[in-house]
Amino acid sequence: MNQAPPAPVVEMRDISISFPGVKALDGVDFRMFPGEVHSLMGENGAGKSTLIKALTGVYGIDAGTITLAGDRVSFSGPAQAQAAGISTVYQEVNLLPNLSVAENIMLGREPRRLGSIGWRAMRRRAAELLAGLNLDIDPGSLLGDHSLAVQQLVAIARAIDVQAKVLILDEPTSSLDADEVAELFRVIRSLKEQGVAILFVSHFLDQVYEICDRLTVLRNGKLVGEYLVDELLRIDLVQKMIGKELTTLDDLEQRARSVVVDDSDAAVFVNAAGLGRRGAINPADLPIAAGEVVGLAGLLGSGRTEFARLLGGIDRADAGELTIGGRPTKLRTPRQAIAHRIAFSSENRRDEGIVGDLTVRDNIVLALQADRGWFRPIPKKRQDELAQSYIQALNIRPGNPDALVRNLSGGNQQKVLLARWLAIAPRLLILDEPTRGIDIGAKAEIQKLVFNLAENGMSVLFISAELEEVLRLSHRIVVLRDRHVVADLENDGLTVDSLLALIADGSVESDEPVRDVAAAASVTAASVTGHTEDPTADHPAPTTADHTEGGRR
Amino acid sequence: MTKLIDAPARPGRPAGPGRGGPAGGTGPGGGGTRRNVGSGIRNLMTSPKYGPVMVTAVLFVAVFVIGGVRYRGFFSGQVFLNLLVDNSYLIVLAVGMTFVILTGGIDLSVGAVVALSGMIAASLLQTGWSPGAVIPLILVLTSVLGLLVGLMIHVFKVQPFIATLAAMFLARGLCYVISQSSIAITDPTFVQLAVARIPLGGGLSITASVIIALVVVALAVWVLHATRFGRTVYAIGGGETSGLLMGLPVARTKVLVYVISGFCSGLAGVLFTFYTLSGYPLTAIGTELDAIAAVVIGGTLLTGGYGFVLGSVLGVLVLGVIQTIITFEGTLSSWWTRIFIGVLLLVFIILQKVLTARRR
Chain A
1 MNQAPPAPVV
11 EMRDISISFP
21 GVKALDGVDF
31 RMFPGEVHSL
41 MGENGAGKST
51 LIKALTGVYG
61 IDAGTITLAG
71 DRVSFSGPAQ
81 AQAAGISTVY
91 QEVNLLPNLS
101 VAENIMLGRE
111 PRRLGSIGWR
121 AMRRRAAELL
131 AGLNLDIDPG
141 SLLGDHSLAV
151 QQLVAIARAI
161 DVQAKVLILD
171 EPTSSLDADE
181 VAELFRVIRS
191 LKEQGVAILF
201 VSHFLDQVYE
211 ICDRLTVLRN
221 GKLVGEYLVD
231 ELLRIDLVQK
241 MIGKELTTLD
251 DLEQRARSVV
261 VDDSDAAVFV
271 NAAGLGRRGA
281 INPADLPIAA
291 GEVVGLAGLL
301 GSGRTEFARL
311 LGGIDRADAG
321 ELTIGGRPTK
331 LRTPRQAIAH
341 RIAFSSENRR
351 DEGIVGDLTV
361 RDNIVLALQA
371 DRGWFRPIPK
381 KRQDELAQSY
391 IQALNIRPGN
401 PDALVRNLSG
411 GNQQKVLLAR
421 WLAIAPRLLI
431 LDEPTRGIDI
441 GAKAEIQKLV
451 FNLAENGMSV
461 LFISAELEEV
471 LRLSHRIVVL
481 RDRHVVADLE
491 NDGLTVDSLL
501 ALIADGSVES
511 DEPVRDVAAA
521 ASVTAASVTG
531 HTEDPTADHP
541 APTTADHTEG
551 GRR
Chain B
554 MTKLIDAPAR
564 PGRPAGPGRG
574 GPAGGTGPGG
584 GGTRRNVGSG
594 IRNLMTSPKY
604 GPVMVTAVLF
614 VAVFVIGGVR
624 YRGFFSGQVF
634 LNLLVDNSYL
644 IVLAVGMTFV
654 ILTGGIDLSV
664 GAVVALSGMI
674 AASLLQTGWS
684 PGAVIPLILV
694 LTSVLGLLVG
704 LMIHVFKVQP
714 FIATLAAMFL
724 ARGLCYVISQ
734 SSIAITDPTF
744 VQLAVARIPL
754 GGGLSITASV
764 IIALVVVALA
774 VWVLHATRFG
784 RTVYAIGGGE
794 TSGLLMGLPV
804 ARTKVLVYVI
814 SGFCSGLAGV
824 LFTFYTLSGY
834 PLTAIGTELD
844 AIAAVVIGGT
854 LLTGGYGFVL
864 GSVLGVLVLG
874 VIQTIITFEG
884 TLSSWWTRIF
894 IGVLLLVFII
904 LQKVLTARRR
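Residue numbers (this note's numbering), protein chains in the order written: chain A, 1 to 553; chain B, 554 to 913.
Hints may be right or wrong, so weigh each one.
Stated by the list, open to error - Using 30 Å as the maximum straight-line C-alpha spacing, the simulated DSSO-like pairs for lysine-lysine come out as follows: (1) B/710 x A/23; (2) B/602 x A/330; (3) B/602 x B/906; (4) A/165 x A/448; (5) A/330 x A/23; (6) A/23 x A/222.
To be verified - Chain B side only, calculated, beta carbon under 8 Å to chain A, not exhaustive: (7) 603; (8) 779; (9) 781; (10) 784; (11) 788; (12) 790; (13) 791; (14) 797; (15) 799; (16) 801; (17) 858; (18) 884.
Note that these hints are calculated values from the structure, not bench results.
In this text, a Cβ means the ideal position worked out from N, Cα and C, and glycines have one as well.
With the hints as constraints, model all of the structure from the sequences given.
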């Protein structure tokens with residue numbers, strides 16, 4: 001496996017792509033071999049997505065050459081790339097919720113007779129493909145009725161149907177649980193045996209190390225190098241990706257333990273008493289003191305986001321009382337919450353967060369401007385100051401306030417969102433999955449920021465599927481299960497294992513929660529099968545990508 | 554065996570905008586067949602795909618029954634067939650409009666194009682052209698106009714609303730260029746084609762227009778549900794970027810949709826001329842809005858992606874039956890039709906919102 005097969009199936013040379021205000025790729029080389037799983041690694045903004053889109057024909061390249069199976073190609077659209085044998089599953093599920101599962105798999109190459117689509121043959125073929133993925137759903141059902149994880153697998157079914165020479169999976173596992181990931185890996189391995197070149201992009205190092213043979217590292221739109229996975233230690237990989245020594249997280253770790261908020265003394269800023277909403281979250285109590293970081297831990301669908309939405313005024317509570325700063329209050333709209341200096345940053349960055357067609361500056365001042373009211377525009381000079389100071393403080397790249405936010409990478413978009421909320425000087429900042437789908441460096445920066453904010457007296461409600469992250473940041477952890485709050489604990493001696501036990505404990509079915517727990521903790525099959533050659537494999541607890549095996553333990 | 558099986562039943566992502574599955578229903582197993590049927594019907598009614606069109610079907614039957622109970626002679630086959638006879642042009646228009654709205658677009662030019670077709674027909678027939686040449690010429694001209702509109706929308710990324718508004722003014726203006734007053738049609742073949750009744754037995758009869766309209770409907774149903782082009786139309790409405798990334802011919806389809814709408818408006822213009830036997834530059838003002846209303850009442854979402862041609866036909870029939878009831882009532886002015894359509898549209902859009910919102 002280690003020696004390279006003779007000829008690469010994809011060879012990209014000296015690729016450069018620019019967007020207004022952003023040089024996304026700068027002279028990058030990249031190649032893929034048949035029967036090999038290749039990973040593209042890099043921080044957000046490193047140019048991974050751009051490189052993929054250049055290969056799939058979504059973006060034209062400004063300079064450089066692309067060779068596919070020995071032939072020079074230049075694609076003018078995704079259809080051409082697909083026809084040439086390059087199949088892609090994008091990070092955001094790019095399927096059609098209004099059509100059936102079968103159509104989503106087969107559309108564009110449906111079996112036809114006399115111009116008519118052969119519906120029966122199409123459903124049969126789709127059912128076969130789904131069966132190959134062990135996915136038992138009705139091909140005739142509407143795609144929109146299925147969960148995101150299933151939609152993701154349907155997208156993969158679509159991609160493998162085309163007999164692709166090259167299969168690109170961009171963050172395919174971000175919405176899958178551990179079992180689903182294992183299924184996916186099984187499919188990847190069988191495709192690999194068939195000689196397909198697979199590009200697997202993921203932020204989960206464990207997964208990369210489990211499934212990939214070769215990896216290419218990008219940083220700031222430039223090539224760092226191409227390595228064999230077996231020959232590159234994780235710590236080296238992380239350093240190559242970040243380009244600096246990884247000390248931030250270690251610092252944080254120590255501080256997290258040292259800062260202890262005595263919440264009996266601290267003024268309780270927000271107090272939810274029996275706050276609930278039918279069909280979303282059962283009535284629960286949650287006091288949050290000033291300067292306290294409260295972590296919400298629980299599975300997907302445990303009610304953690306739903307609870308946060310009540311506090312952020314996004315959804316209206318239909319039970320219980322909310323006290324803000326000692327006064328009973330009813331939050332009906334996010335606007336009211338903002339007036340009370342409560343900011344809610346949604347996990348759904350794209351749809352509920354950024355405004356892609358506005359500039360970084362406009363996105364940053366948006367909440368502040370809305371809060372001031374539209375008849376008191378923020379002076380241009382003040383806007384520039386705000387934007388500049390947050391770009392510097394949060395290290396937003398590119399540091400151009402006039403860049404359109406949609407041209408930024410996920411991590412930088414998240415930072416812009418943070419800046420937007422910080423600009424209104426919130427007293428409670430609710431962060432729902434602020435680090436999902438973003439890389440280690442940005443993650444560390446955001447975590448550090450949360451910490452500094454809390455030290456300065458801001459309360460933070462922090463939601464993350466990664467328990468390590470919750471443990472690292474929170475003073476107090478509230479555990480949710482099945483839309484109930486099941487525990488409210490000081491973060492003192494808690495471990496991932498004890499949290500897992502709390503999340504899983506007392507559930508009716510024994511099998512299911514354990515599986516989902518695994519998902520919540522982002523356990524990958526790697527920690528199960530074990531990578532003995534790996535220096536981090538002796539960790540008893542499941543590890544995740546953001547662990548940055550910098551020798552913390 | 555596989556854990557993936559139950560995946561769809563699990564609640565979706567917490568704050569994902571939308572689908573939490575049938576909330577609460579997945580918990581305890583329980584529930585008998587009756588509950589399943591009940592929830593099946595509820596699912597059907599709240600499904601964005603079938604819900605609105607089911608509501609329209611129920612509404613049509615209800616209005617028809619009310620008419621039947623209230624007025625003597627309402628419950629006759631001919632009253633129903635006359636709905637088709639009187640509205641055949643609107644059915645054709647609504648079919649074209651359905652294609653456009655399914656992609657998330659809109660076509661405001663169709664009313665003016667109907668008038669223009671009538672003007673061209675009347676003036677050319679007056680100068681002695683044969684209907685066998687005039688009708689195909691009209692269809693070609695209006696299709697070309699649709700093509701230009703489609704290209705404008707696709708190439709220059711003009712909003713469909715603006716592009717078709719421009720086409721509307723253009724077509725309406727051209728009517729006046731042809732003539733400022735009404736031109737009667739006296740061509741014997743054309744008149745014969747227009748007024749001939751095709752007996753169906755039992756004293757029932759229809760006109761050639763009805764047959765043409767029904768053929769158009771059948772063709773449209775086939776195209777939308779059984780061809781790649783048709784599915785691409787739905788795909789564009791469901792998500793243009795996704796369709797593009799899936800390698801579908803989005804650009805071609807988007808342009809073609811306006812060609813189809815142009816063709817349908819031309820054909821509807823011919824059918825309308827059958828009905829009036831004259832060309833008049835002021836006819837069919839606001840007809841585009843009738844067509845849009847019929848499509849919306851027929852359950853097609855204005856944002857695209859969901860809807861059926863047969864729903865639009867139902868929508869036209871609902872409009873028609875209201876008009877018929879007002880005629881039967883006798884004391885109400887025909888403007889009451891508009892008021893009822895207005896109320897109905899409002900109710901429908903709210904209903905669609907409520908039904909689809911409940912699912913979320």
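Requested in this report: May I ask which of the numbered hints given earlier this structure violates, with the numbers listed in increasing order?
Outcome: Numbers 2, 4, 5, 7 and 18, in rising order.
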